[in-house]
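There are 2 protein chains.
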Amino acid sequence: MSNTHSATPVRELGADSPAKGLICRNCNATYDLIAQHACWQCFGPLEVDYDQAELAKVTREQIEAGPQNIWRYAPLLPVGVHPEDRVSLNPGLTPLIDAKNLAKALGMRKLWVKDDSANPTHSFKDRVVSTAVSAAIKLGFDRFACASTGNLANSVAAHAARAGVPSIVFIPHDLEPGKIVQSAIYGGKLVAVQGSYDDVNRLCSELTETDDFETTAFVNVNIRPYYAEGSKTLGYEVAEQLGWRLPEQVVVPMASGELLTKIHKAFEESAEIGLTEPGKVRVFGAQSAGCSPIADAFAEGTDVITPVKPTGIAKSLNIGDPAAGPYAIEACRSTGGGMAKVTDDEIREGVRLLAATTGVFAETAGGVVVATLRKLLESGQLDPEAETVIYNTGEGLKTLDAVSSLVGPTHTVKPSLKAAKEAGLLES
Amino acid sequence: MSNTHSATPVRELGADSPAKGLICRNCNATYDLIAQHACWQCFGPLEVDYDQAELAKVTREQIEAGPQNIWRYAPLLPVGVHPEDRVSLNPGLTPLIDAKNLAKALGMRKLWVKDDSANPTHSFKDRVVSTAVSAAIKLGFDRFACASTGNLANSVAAHAARAGVPSIVFIPHDLEPGKIVQSAIYGGKLVAVQGSYDDVNRLCSELTETDDFETTAFVNVNIRPYYAEGSKTLGYEVAEQLGWRLPEQVVVPMASGELLTKIHKAFEESAEIGLTEPGKVRVFGAQSAGCSPIADAFAEGTDVITPVKPTGIAKSLNIGDPAAGPYAIEACRSTGGGMAKVTDDEIREGVRLLAATTGVFAETAGGVVVATLRKLLESGQLDPEAETVIYNTGEGLKTLDAVSSLVGPTHTVKPSLKAAKEAGLLES
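Protein chains in written order, with full-length UniProt numbering: chain A, 1 to 428; chain B, 1 to 428.
Derived by calculation from the structure, the hints in this document are not laboratory data. Take these hints with a grain of salt, some might be off.
Same chains, same label: a pair holds when it works inside one copy or across any pair of copies.
[To be verified] Straight-line alpha carbon distances no greater than 25 Å define the calculated SDA-like cross-link-like pairs of lysine to any residue that follow: (1) K104 x K189; (2) K375 x S405; (3) K414 x T311; (4) K104 x G187; (5) K421 x W40.
If you're wondering where the values come from, they're calculated on a predicted model, not measured in any experiment.
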């Protein structure tokens, strides 16, 4: 946060932004830019509605002149055009890695890894939390909160610490130890809920209705529309990093399905407003077999999601009742993409393969994406000749337990040349 | 790595670089840019020797037009001016954070945190490994290796994976589990040595003399001069991020002491060659009480280091026989700086305080720096009115065990509003 303009009068949310309000994804009812996530008329999910003419004024040069983080895309977001409005760890502009060795291993012509573990708290959640809490302050909230499978908890607690704002984050009690310690270390309240993520989410929805939580912003509940928009930057960034070109195929991990729909939206939007040439990006969704309600609905040819009780090692994707599932299915269908699910063993092998070929150590969600990529190539759904981007959304250090049985020292020796010789280290 | 100039003939190490050779820090004997780390005449340590006139030609504009990573400083380094010569994960340009809340907590006027946990493998080691392995390829080596307390092992293994080069890394057998898994996941050989870091280091020195390791580059042993230069970027970056100004005080963690001496060198050099205004930066060194040979020698007014057997939680700093100790002492003395050492409890509290005030979760080495900062303020050695930069060199997720007893969920509840009420969550 910069305080250089602290004398400037406080602007309302949306001032100098292309966002003109909220719109229901279901019935198209419109609302002002308020703290609301579900339509009062049909209960459909709300999202930010933009003035297309304003979006179309944004130029490549304007973006390129911006900061080296997500805020370079602020002219395409509902908040953050003015630096002093940003409540942020300044995530973004994470590496887009030319994954030559992985492409070769999989028989692909051109493969990129978008590595969002490079964000400040090491997941893509820093993007959505930055847009959410920046909006929250504008909307008059004075405490940050979330329901989380871990990565979001880390990010909300860290954003609150940097901003000096109280926080209260809710997590399932059985998360990976790393994610628990990382959320707790920043201070603030950390509530372990004895239930699944979906239980945590329900509890948070109930809490938003209480007087005690009236000024608490649950980033992914009562201010969800502003949160979700942060994910758009993962589409725009890839386009910019490719030299303002769209890739031909992308593979995206799915929990709620929201990330995939927003990346898809960013690609469509960037072509519509002329930042990139028109082009169709085939969008593919990845889930773990332990929690695959979206991939299963896709496979069955329906868009009705049947909630499941999640299991398996890809805990950051374990949302059994995914709110944006139908929209993710629509994005994959409409672009000629697809979906697949992979087992825990395939996920572990995906983590290992990615690390060994790119130097990127991903959390299990990244393993889901690599394993899904492989599966979609084997089934012929994904074209090995088409330029492809896969998204790694989190850090391997957060899910060490999942792979610690897989790898370890290859040799153990006493500290002597003799011992090294006996261990075979001198036969290179 | 870019392959855009793959048709260009291979240049020798040092071509188009300001580096003119190696020079003995002790007796000033000079050498060509070869794979050598100790002086043949006096056994003193060698470092890269530059043509000052060439360095002085480097401009701010030239650097600012470079890439968003350490290679923008390539004109000041022995290798990497040409993009195709870089064997690298492209670390650097990590955040310099205006630590307002921490400054306030400690009664300081202006405090910055240089957060090098943002590098690809989440420590400053990516900087030194990038310069070392780029030089190694030029010098004809075909395998990357190191002796490591963990962070370096992670970085060498990841660099090797990205470059498609074999690696063999040596670590003490009792490292934090995170650092072991993170090094192993990238593939390559990982040798757990049943001894201390100093034992590991001795074994590696012996191995470099064997025929089987003739073409193996131990980044911090036989090509150490090129490795050490990477640390200079941590000085230049801070100067550039401050708007080409020098800070008044810095606090740097010490293991071998090399990082501190190179940051000091970068500040002196940047003023000498006109990239910044002349200015004296008071340099302070931080060690843990479990391994404080440099701080102890400083306190005793000597520059003779008495080796120790390291203990304590700051494992990444646990070098009992620190090669650059005397030079670190000289840097602190000559600038009117100082040194201090801190206990494990103070280190833990330092990690917690940094996280709670800045949103930066540091490994124990970062806790050492924050605790030392506090101690130097209390003793009056550090001026609270002077603009200060502290260096966090690693990631908290790598040393979770050290703080896991300190923090955890503040509440545990069943997933119901009733349970939340009973737990006192509705009395905000």
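Just pull the numbers of the violated hints for me, sorted ascending. Those not satisfied come down to hint 5.
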